[in-house]
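Undergrad: Residues per chain are reported as follows:
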Amino acid sequence: MIALLTRDLRLAIRAGGGFGLGLAFFLILAVLVPLGVGPEPAVLAAIAPGVLWVGALLACLLSLDRIFALDWEDGSLDLLATAPIPLEGVVTVKAFAHWITTGLPLVLAAPVLGVLLNLPTGAFGWLVVSLLLGTPALSVIGTFGAALTVGLKRGGLLLSLLVLPLYIPTLVFGAELVARGAAGLPTQSALLLLAGITAGSVAILPFASAAVIRINLR
Amino acid sequence: MIALLTRDLRLAIRAGGGFGLGLAFFLILAVLVPLGVGPEPAVLAAIAPGVLWVGALLACLLSLDRIFALDWEDGSLDLLATAPIPLEGVVTVKAFAHWITTGLPLVLAAPVLGVLLNLPTGAFGWLVVSLLLGTPALSVIGTFGAALTVGLKRGGLLLSLLVLPLYIPTLVFGAELVARGAAGLPTQSALLLLAGITAGSVAILPFASAAVIRINLR
Amino acid sequence: MSVARGGVPLIAGLSLCLTAGQALILRGPNGCGKTTLLRTLAGLQPPLAGEIDLPPDAVAYAAHADGLKATLSVRENLAFWAAVYGGGDVGAAMGRMNLSGLSDRAALNLSAGQKRRLGLARLLVTGRPVWMLDEPTVSLDAASVALFADVVRGHLAAGGMALIATHIDLGLPEAQVLDLTPFKARRPAPGQGGGFDEAFL
Amino acid sequence: MSVARGGVPLIAGLSLCLTAGQALILRGPNGCGKTTLLRTLAGLQPPLAGEIDLPPDAVAYAAHADGLKATLSVRENLAFWAAVYGGGDVGAAMGRMNLSGLSDRAALNLSAGQKRRLGLARLLVTGRPVWMLDEPTVSLDAASVALFADVVRGHLAAGGMALIATHIDLGLPEAQVLDLTPFKARRPAPGQGGGFDEAFL
Amino acid sequence: MSSFWEYANPRRFMRTTDWLLPVAAGVALVVTAIGLIWGFFFTPDDFRQGSTVKIIFLHVPSALMAINAWIMMLVASLIWVVRRHHVSALAAKAAAPVGLVMTMIALFTGAVWGQPMWGTWWAWDPRLTSFLILFLFYLGYIALWSAIDDPDTGADLTAVLCLVGTVFALLSRYAAFFWSQGLHQGASLSLQPGTRVDWAYKAPLYVSMTGFALIFVALVLAGTRTEIRARRMKALVARERMA
Ligand code: HEM
Ligand SMILES: Nc1ncnc2c1ncn2[C@@H]1O[C@H](COP(=O)(O)OP(=O)(O)OP(=O)(O)O)[C@@H](O)[C@H]1O
Ligand SMILES: Nc1ncnc2c1ncn2[C@@H]1O[C@H](COP(=O)(O)OP(=O)(O)OP(=O)(O)O)[C@@H](O)[C@H]1O
Ligand SMILES: [Mg+2]
Ligand SMILES: [Mg+2]
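Residue numbers (this note's numbering), protein chains in the order written: chain A, 1 to 218; chain B, 219 to 436; chain C, 437 to 637; chain D, 638 to 838; chain E, 839 to 1081.
Careful: at least some of the hints might be erroneous.
[Claimed, not checked] Far from chain A, by Cβ distances over 12 Å, these chain C residues were calculated:
id, residue
1, Ala478
2, Leu504
3, Gly607
[Stated by the list, open to error] Interface residues of chain B toward chain A, partial, derived using beta-carbon atoms under 10 Å:
id, residue
4, Ala242
5, Leu247
6, Ile265
7, Leu279
It is worth saying that the hints were derived from the structure and are not from the lab. We put the beta carbon where it would ideally sit given N, CA and C, even for glycine.
Go ahead and model the full structure; you've got the sequences and the hints to work with.
TA: And the structure:
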């Protein structure tokens, strides 16, 4: 399992492997939105929490199809499925590797992008906390989506379509948490709900993902 | 060339081919942004032109890597390069097919999504016009980016990184055109600039793309 | 045992038995179901009828595709599989398949035959007793085919088993050959039950 | 002529000449540069030295990969290439390669050998005189190899040419065989110029 | 009499830079040190901006070099495309990270300056925006180089990217000015009469600009030498393997 994790991380940092590119996408979105919406600081500050969360979500989403599709295409997934590690473990490791290469950089970069979008000063802490709590759920849910579409030839956008509705609760509570933090409102319930979603997905979804992969390989 | 166009369109509408998924992404973004940003109509109306244009741009972007990567992986691109049609023609047809499967549906769907985002009534016409003028440029520029990254193993997000800065002028003029239309300001200069970018890209970039593919196949 | 692909039964009434040290070569025309049979035996898809009496963790399966990561080097590719299967000797496997000179080359930059040799070297690091190989010698030159035959012989001598689907002569005269043509699934007599979507008929 | 791959010269001092109706089989161990040579001759990469006296629109190239679209049917795949090359007869090509029974099956659901037959049927619809084939008979069964040999013979009889890289016996005894081993590029003597990155040494 | 193009021969280039690089580096350090020390410690405080004005001695030179580095990459790419001199392709490759760092310094010092002056770290001013876009172009260029194995392919592809990118970077700059009116100063160092900056600032500013330009040259020379050595290593290894 550790071998799988190091292999996935190594593949990610090799040329074209996708590491840091989710981050670049996040950055670029933070640049594009003001360019599209216009430069008024007040408008930007109002939409900053939502835009940052939507950006994090899309950055995750875009890297999802790498989780299994590459392994499926070159036959590694068949071989992994017959290897002596449980498929649930494989799935969990893959989700974890996805989080390390995508979610974690987003968490670290978010404050910088907050500056670009005129995020109110009080909200920076909440932004980091909400992303730290929420991005693992994005990775685990995304892994499930990737598992669902693995057999389908380049399910790339189909995958987005399947996963996005699943992402909505995480997005709503995450963005709400930041917005409340920015406005100085109580944040406890949003915090608890976000943590609950993450804990639940991490505990249950790997089993669903493994089952779905077994079906897809058949 | 027509055979290539029909083949690409046929592939796109087959299962998992990507047709309609760019559209779905656009729709989902229009849903996510209000969820992330919050429901105030005034804020939404202010950001609607920008968000719709950013959404159209991302929907294009996400489908770019299909333009050449699939043909490269299964060896068709080698065969096309040795076939009796000029590579410039292949590239143009590919960009056109991308526009038909991605850009055109976006143009048609945009007014509906404008309603979701409280776009001011006067701006709907401008939204359609700006997308109709701007999306061909997005496809052609995107084809160039896809050609640049075709040899690289899954350049997916690298592709985004390369293409997004190239998209910025189109985005700015397009969104500005809609915003000015919505505010009743003069639109002529934005309109001309947008049309100029599209005409220039369509005239010149196919040569660059073909050159780049030849280099990549080497 | 019967197997099916895409809802169509392909092979019916087959029964196989391998003992330690034995190799069985599957033959049959293109599309007769060799790949499907091997995937079923490796536990990747359920049989249509019948049962497989084989612990799934005894099998090392090598498919048409080699499962190589283009950006990893030869050594890294092998080391990964060695770690997954609990640590075979990577250096020895590379030596056996004549890959030592290429150990730091990215798999992307190998020729077709070199890729294939790397795919086969993976078997050596699995330490599994039953090898299921789908056309292992595709794109190999004569010297590499002989090398491969040696490796299989070594595996058999160590008590292993091998089930190999191929069209080419492997240079393993001692192996049994099974032609799958007679086991082609036929349309079952009405009312008799061929096991396939019976409920709808 | 010399060719290189990844900045490394592979073959040097080779000169080839094919006349109408002639087939040449390239042989050589794995990784000696057959694929690279064929790609160079097909005009996909420039030669390191020397020149190719061959109109690029005379060549039909078939690589290790078949260039099939998984979601298109057999007929659609062929019809596309026929249209690109200006309209060969799709039905006849399918008949020749024994694919008629599969004409509406998606390429995704073909077996390895059936895919390969489809890749070869593409050659028949190109109408090009020079065929360059990279291991065309990989995963074909004996009957299909014979079929393929017939097709090549037909092509030669019609005045075509064929350049075939392979490790397997093709059943074409009349073809000339060229072993590439003696043309392996060697390290040039110091100061003599091997054509590659000289300026940096 | 040797022509300029002979320096496109890697060996010749290495031999010349053997002595040129230390000289350039030494002069660059001295000039920059003079400019910065003069600027920081021997100029009066501005009556409105206080001592924060002194950031200008880092900000303006780095901003200028950020743009000039891209121009140099463009020229080098053109030379590669037209005359296929390896050294010029490698010089373009070596210039990119330096340009990127210059862009980052300009952005960072601008942000530090913006905090006291405009009350915000960042504003969507057209100058700032076009700089951010330039930053993205640098990132893309470097990412493309690093994603390609074969050096000549990489040189070709990045050269095309550089050419196309330049056109779009200019368009973006125009778009940014079309899109918003800014807070940022205009070009006050222009030669037109009525210059707004006092000579007390201007002289050290010129010195540190020269210093930054020399630092850029020295870094690009050093980078190019590294790239040439890497290429040479690769060629030698390949040769060894053939034996
Ligand atoms: C992150 C933000 C900033 C960026 C990217 C930036 C970028 C630039 C650029 C590109 C130049 C151009 C040099 C030229 O055209 O000659 C420049 C010059 C200058 N900047 Fe900034 N700037 C930023 C923030 C600021 C701030 C906050 C101030 C101060 C209030 C400032 C003051 C100046 C001044 C005084 C010049 C010299 C103008 C001249 O005479 O050329 N900048 N900056
Ligand atoms: N979805 C499907 N529907 C109907 N038939 C299918 C489907 N998928 C595969 N087949 C058929 O199943 C058969 C079995 O294929 P399989 O890959 O097992 O053959 P094989 O013996 O390995 O052939 P080869 O020697 O060419 O590799 C083929 O004839 C193929 O055309
Ligand atoms: N980027 C690279 N750097 C160094 N060597 C490379 C690179 N890419 C390929 N090679 C080597 O070039 C050689 C030529 O490969 P090629 O594919 O032409 O061989 P081939 O004769 O077709 O072999 P096969 O019979 O296995 O298909 C191989 O030895 C390969 O390892
Ligand atoms: Mg098979
Ligand atoms: Mg080959």
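Undergrad: Are the hints correct? Go through all of them and say.
TA: Structure-based check of each hint:
Not every C-beta of chain A lies more than 12 Å from that of C/Ala478, the closest at about 5 Å, which undercuts listing it as non-interface. For C/Leu504, the requirement that its beta carbon stay farther than 12 Å from each beta carbon of chain A is not met, with the minimum near 6 Å. The claim that C/Gly607 lies off the interface holds: its Cβ sits roughly 25 Å from the closest Cβ of chain A, which is beyond the 12 Å cut-off. Of the supplied interface hints, the one on B/Ala242 holds, with its beta-carbon coming within about 5 Å of a beta-carbon of chain A, less than 10 Å.
Annotation: B/Leu247 was flagged as interfacial toward chain A, and the flag holds, the nearest CB pair being 8 Å apart, inside 10 Å. Given the 10 Å rule on beta carbons, the hint for B/Ile265 holds: about 5 Å separates it from the nearest Cβ of chain A. For B/Leu279, the interface hint holds, the least distance from its beta-carbon to any beta-carbon of chain A being 9 Å, beneath 10 Å.
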